[in-house]
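From first to last, the protein sequence lines are chains E and G.
Residues in the first sequence are numbered from 20 upward in steps of one, following the numbering used here.
Residues in the second sequence are numbered from 29 upward in steps of one, following the numbering used here.
If you are wondering where the hints come from, they were derived from the structure by calculation, not from laboratory data.
Certain hints may be false.
[As the list claims (entries may be wrong)] Cβ-Cβ distance ranges computed for the label pairs, FRET-style:
no.	chain 1	residue 1	chain 2	residue 2	range
1	G	L114	E	R182	46 to 56 Å
2	E	P122	G	I100	37 to 47 Å
3	E	P185	G	A90	56 to 66 Å
[As the list claims (entries may be wrong)] What the simulated footprint calls covered on chain G by chain E, stretch by stretch (three residues with Cβ under 8 Å from a Cβ of chain E suffice, anywhere in the stretch; the number is not a length):
no.	stretch
4	65-71
5	187-194
6	211-222
7	269-283
8	291-299
[Claimed, not checked] With a Cα cut of at most 30 Å, we get these calculated DSS-like pairs of lysine-lysine:
no.	chain 1	residue 1	chain 2	residue 2
9	E	K97	E	K82
10	E	K97	G	K176
11	G	K264	G	K94
12	G	K176	G	K264
13	E	K82	G	K176
14	E	K99	E	K82
15	E	K99	G	K176
All residues carry an ideal CB built from backbone N, CA and C; glycine is no exception.
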Amino acid sequence: MVADSPSLDSAPVARLTDGHRPPGRIVDFVFRSVAMLAGFSVLIILGLIAFSTTHTAWPAFSKEGIHFFTSTTWDVPKAKFGALAFIYGTLVVSAIALVFAVPVSIGLALFITEIAPRRLRRWIVTVIDLLASVPSVVYGLWGLLVMAPAFTGFYRDISSTFRHVPVLNTVFTGRPLSGVNFVTAGLIVALMITPIITSITREVFATVPGAQKEAAVALGATRWEMIRGAVFPHSRSGIVGAVLIGLGRAMGETIAVALLIGSSTALTGRLFSPGDTMASVIANQFGESNDVYRAALIGLGVALFIITIIIGVIARGFVARVERRGAGV
Amino acid sequence: MSVITAPVPVARLGPAAKHRSRALRNGLATSAIVLSFVVVLVPLALLIGYVVSRGWHLFGYAFLTKEIPTQITPGPGMGPAVYGTLLITGAATAMAVPLGVLGGIYLSEYGRGGLIARVLRFFAEIMTGVPSIVMGLFIYTAVVLHTKNLNAFAGALALGCLMLPIIIRTTDEMLRLVPAELREGSVALGSRQARTIMRIVLPAAAPGIVSGALLAVARAAGETAPLLFVLSPVYKTNHSLFHGGNTALSVQIFNNASSPYAASQQRAWAAALTLIGIVFIFTVVARIFTAVYSRRSTAA
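Build out the structure end to end from the sequences listed, making use of the hints.
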């Protein structure tokens, strides 16, 4: 398979026979141990993250107790640190991001696997890779200086359209109505998580047995009927896993959100108002913090760490189910 | 875009109408799917267009090398940040790649399908999902608080933690693609396992591993969040990894983006162009390695 590689042809084999004896068991043992330690480094680092951050955040946890997660009062001068508004903000931004990113990602994955001509496929994948490789801070810069000013009028239009509709007139407005708000942050995060959801969904679609798709077409199904009848039923748990992985990424997304959400510690249902997420608060306020304040910000990091790990574990469970089934076919 | 609709109305229509409605649905769904590609392509094109058009006239040799001027002073200068990005990312790579490759070797060559390897693989995947800002907080609490020293090395540790699981996973996957015959041949000739791995298995998988490592480097070079708490602002190039504060392109973009001064915003755009350039170069080189690798393995 790799026989024409120059590194394999002659050199190593020749040296084994020229009288140079391998130093023996000790080398093997040392190498194995070092490799094992390196393999376990992942577990060690995860453990250290949990310990070190929790330890430093402890003053805030012990001072606030459960209020850290249930209170909306984030008042630095009075040393009150209730993070509910930020947890809420994280959920709102992630929800907006998923609402836009999930249909688009599924569409993209279908486009690549079912519609695009083979020659075009590689280019589309390159474009999506490009989307994934743009740094978060560049999305933030563009969103702040180009998109937010351009969208402000649009937000104002929506707000005045729904002015007299109950419920919607409190959701689709802002106080103050600004270009940097939950929706702007959510839209940019949607763009940022689309590549990861697309690539996992694409892998899941690739496990659908070709025979089932061909059978559907042979029975006279249109392409859409084939997708609904053969592709979706087979991929449901994989799509759920992909969406959860996207959710985990969205919740942890920091820099673009920190630039685009406008920083406000108030808990509000108005989507065009400035807000804050757990990650954006840490990024925006860490520099000016000290003592318990800083411990509280690190505490937000601990909460974020635990939430993303839980979501990651559940998501992997869903994706692994598809992989097992795919391997079994 | 509706994903699943009930098929009931179709059944109620006559044959011709039924056929038309099915074709219509198919057409609608197909255009929605094509549209999703456009929806992604447009913002990406706009973003790259803006970065290039707003960044290019400040970009140049002077921009890459000169010191960073004060916020209100117009003109080029991002030298310390360019140097900082390369220094921090380079140091992170020097730490994460050997450790990650060794970890991948353990998973693929020693752990194989066993319980320990499966657990470690699982946690490596989980670790790739840990938010980058948490890595920054981790290095801040575990290192900076004890050394009381904000320097490039702390930044490198944070980025290294982000790269490590990616490199472990790619190495593991690439090594598992190496055919067993190569290992058996080497062992049959009398070489021990460590030697077989280092001389036979690893070289065979090298292009794939290099490609994965480059992608990890590209991701790390663009990161901002983990650097926020472990670097201190400097405006002159600091060549030292351990002594004194340092800065990076990403951090400069973050700070200048929200600056009210046009001069700073200008530099933010040019810095964004530089950063995207660096990231794309690594990504393209990684793709070339992948292409070489796949051509070689399909040739035989």
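Hints and how they fare:
no.: 1; hint: G/L114 <-> E/R182: 46 to 56 Å; in the structure: 53 Å, holds
no.: 2; hint: E/P122 <-> G/I100: 37 to 47 Å; in the structure: 45 Å, holds
no.: 3; hint: E/P185 <-> G/A90: 56 to 66 Å; in the structure: 59 Å, holds
no.: 4; hint: 65-71; in the structure: holds (count 5)
no.: 5; hint: 187-194; in the structure: holds (count 3)
no.: 6; hint: 211-222; in the structure: holds (count 7)
no.: 7; hint: 269-283; in the structure: holds (count 3)
no.: 8; hint: 291-299; in the structure: holds (count 3)
no.: 9; hint: E/K97 <-> E/K82; in the structure: 13 Å, holds
no.: 10; hint: E/K97 <-> G/K176; in the structure: 28 Å, holds
no.: 11; hint: G/K264 <-> G/K94; in the structure: 9 Å, holds
no.: 12; hint: G/K176 <-> G/K264; in the structure: 21 Å, holds
no.: 13; hint: E/K82 <-> G/K176; in the structure: 25 Å, holds
no.: 14; hint: E/K99 <-> E/K82; in the structure: 9 Å, holds
no.: 15; hint: E/K99 <-> G/K176; in the structure: 27 Å, holds
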